[in-house]
Amino acid sequence: MRRPYVGAIALIILLAACAHDSRGSRVVGEPPVTPGAPAPAATEPGPAAESPVAPQPAASAPVTGPEGPAANVSAPAAGPTAPVASSTSSPSRPETPKSRASNQAAVPKSAPVSPVPATAATAAAAALPPSKAATPPPLDLKGLEQRLRDTRAIGLFTKLSLKNQVDDLLAQFKAFHQGQSGVTLGQLRQKYELLLMKVVTLLQDGDPALASAVSSSREAIWAVLTNPQKFAAIGYST
Amino acid sequence: MPARSILGLCGLTLLGLTGPVLAQAPSTGADLKATIALNGFPCDQVVDSKRNADSDYTATCKDGNRYHVYVDATGRVVVKKL
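From first to last, the protein sequence lines are chains A and B. Residues in the first sequence are numbered consecutively from 220, following this note's numbering. Residues in the second sequence are numbered consecutively from 210, following this note's numbering.
Calculated directly from the structure, the hints in this document are not laboratory data. Model, not experiment: these values are computed from the prediction. Ideal Cβ placement from N, Cα and C applies to all residues, glycine included.
In silico negatives: residues of chain A with every beta carbon more than 12 Å from chain B:
{"no.": "1", "residue": "366"}
{"no.": "2", "residue": "391"}
{"no.": "3", "residue": "394"}
{"no.": "4", "residue": "398"}
{"no.": "5", "residue": "401"}
{"no.": "6", "residue": "446"}
{"no.": "7", "residue": "450"}
{"no.": "8", "residue": "451"}
{"no.": "9", "residue": "453"}
Here are the simulated lysine to aspartate or glutamate pairs, DMTMM-like style, with alpha carbons at most 20 Å apart:
{"no.": "10", "chain 1": "A", "residue 1": "417", "chain 2": "A", "residue 2": "386"}
{"no.": "11", "chain 1": "B", "residue 1": "271", "chain 2": "B", "residue 2": "257"}
{"no.": "12", "chain 1": "A", "residue 1": "378", "chain 2": "A", "residue 2": "424"}
{"no.": "13", "chain 1": "A", "residue 1": "378", "chain 2": "B", "residue 2": "263"}
{"no.": "14", "chain 1": "A", "residue 1": "417", "chain 2": "A", "residue 2": "369"}
{"no.": "15", "chain 1": "B", "residue 1": "290", "chain 2": "B", "residue 2": "265"}
{"no.": "16", "chain 1": "A", "residue 1": "378", "chain 2": "B", "residue 2": "265"}
{"no.": "17", "chain 1": "A", "residue 1": "378", "chain 2": "A", "residue 2": "364"}
{"no.": "18", "chain 1": "A", "residue 1": "378", "chain 2": "B", "residue 2": "281"}
{"no.": "19", "chain 1": "A", "residue 1": "382", "chain 2": "B", "residue 2": "265"}
{"no.": "20", "chain 1": "A", "residue 1": "449", "chain 2": "A", "residue 2": "364"}
{"no.": "21", "chain 1": "B", "residue 1": "289", "chain 2": "B", "residue 2": "265"}
{"no.": "22", "chain 1": "A", "residue 1": "417", "chain 2": "B", "residue 2": "253"}
{"no.": "23", "chain 1": "B", "residue 1": "290", "chain 2": "B", "residue 2": "253"}
{"no.": "24", "chain 1": "A", "residue 1": "382", "chain 2": "A", "residue 2": "364"}
{"no.": "25", "chain 1": "B", "residue 1": "271", "chain 2": "B", "residue 2": "253"}
{"no.": "26", "chain 1": "B", "residue 1": "290", "chain 2": "B", "residue 2": "272"}
{"no.": "27", "chain 1": "A", "residue 1": "382", "chain 2": "B", "residue 2": "263"}
{"no.": "28", "chain 1": "A", "residue 1": "417", "chain 2": "A", "residue 2": "364"}
{"no.": "29", "chain 1": "A", "residue 1": "382", "chain 2": "B", "residue 2": "281"}
{"no.": "30", "chain 1": "B", "residue 1": "289", "chain 2": "B", "residue 2": "253"}
Taking CB as the label site, the calculated pair distances span:
{"no.": "31", "chain 1": "B", "residue 1": "249", "chain 2": "A", "residue 2": "401", "range": "21 to 31 Å"}
{"no.": "32", "chain 1": "B", "residue 1": "277", "chain 2": "A", "residue 2": "228", "range": "47 to 57 Å"}
{"no.": "33", "chain 1": "B", "residue 1": "283", "chain 2": "A", "residue 2": "394", "range": "17 to 27 Å"}
{"no.": "34", "chain 1": "A", "residue 1": "451", "chain 2": "B", "residue 2": "275", "range": "39 to 49 Å"}
{"no.": "35", "chain 1": "A", "residue 1": "394", "chain 2": "B", "residue 2": "259", "range": "35 to 45 Å"}
{"no.": "36", "chain 1": "B", "residue 1": "281", "chain 2": "A", "residue 2": "413", "range": "19 to 29 Å"}
{"no.": "37", "chain 1": "B", "residue 1": "257", "chain 2": "A", "residue 2": "228", "range": "43 to 53 Å"}
{"no.": "38", "chain 1": "A", "residue 1": "413", "chain 2": "B", "residue 2": "263", "range": "22 to 32 Å"}
{"no.": "39", "chain 1": "A", "residue 1": "449", "chain 2": "B", "residue 2": "261", "range": "34 to 44 Å"}
{"no.": "40", "chain 1": "B", "residue 1": "263", "chain 2": "A", "residue 2": "428", "range": "27 to 37 Å"}
Turn these sequences into a full structure, and let the hints guide you.
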């Protein structure tokens, strides 16, 4: 009489052991970040927060011919995970470091970036002056970097390849800020979007939370890269 | 209930629990495939990989392409088509 009970208990335990969280089954069709939803990671800035306003005041700049490819590429790079308004504006103009510097001087004043969802943002904007409501949450670059180092979703070779490409891009940004690069900001944006898409693609299967966090931080990271002071503060050296 | 059965049960349970943990780490083939793709070469699937040395592999893709994947002295991952 005890044997059937023992068998049943064994089956229950085995079933419970098999009922784990299957990581591979939820990736397809799941957008890492929806434009209106906050990021899962509490330390990352929300995507919707920064989407309405691009880090560069490119809306006033005319779109010229040579930057056509950059403008075309940035839109698909945004894809389903990126804010719509953010990627269409900044890469579409040829910008020299000098003109960019003058533009960036106006960015903090004219770019109200809000970390809260739309409804809450409107309420907050009504309650506060625009300059007070435009305080984004701090970008946890170190935390993101550590999470990328620690994730098991990608292998060592892949991580090293990504690091090489990140270093290459940072070197190009450094040259851009020093005025030693012939690369325009639009081209840098294109490369940045491409690299971010690679990272998110590699992460989304094995570590969707981190992929979402990276995707959510897209504009915040871009704001750091394009601001000479913030870029110098991250301490990148070749 | 014999102790042997209990031990067997515990072993099977642990076996079931370790599956997802082990599955999170990408295999060498998946790592090489992603690395090859990141460096701009086509590779749909790595069907064979041979370790030549530390951080030095020769990968064979399903489409027949073979690549030498290694880390050079400067710390860069290099992918060379063979």
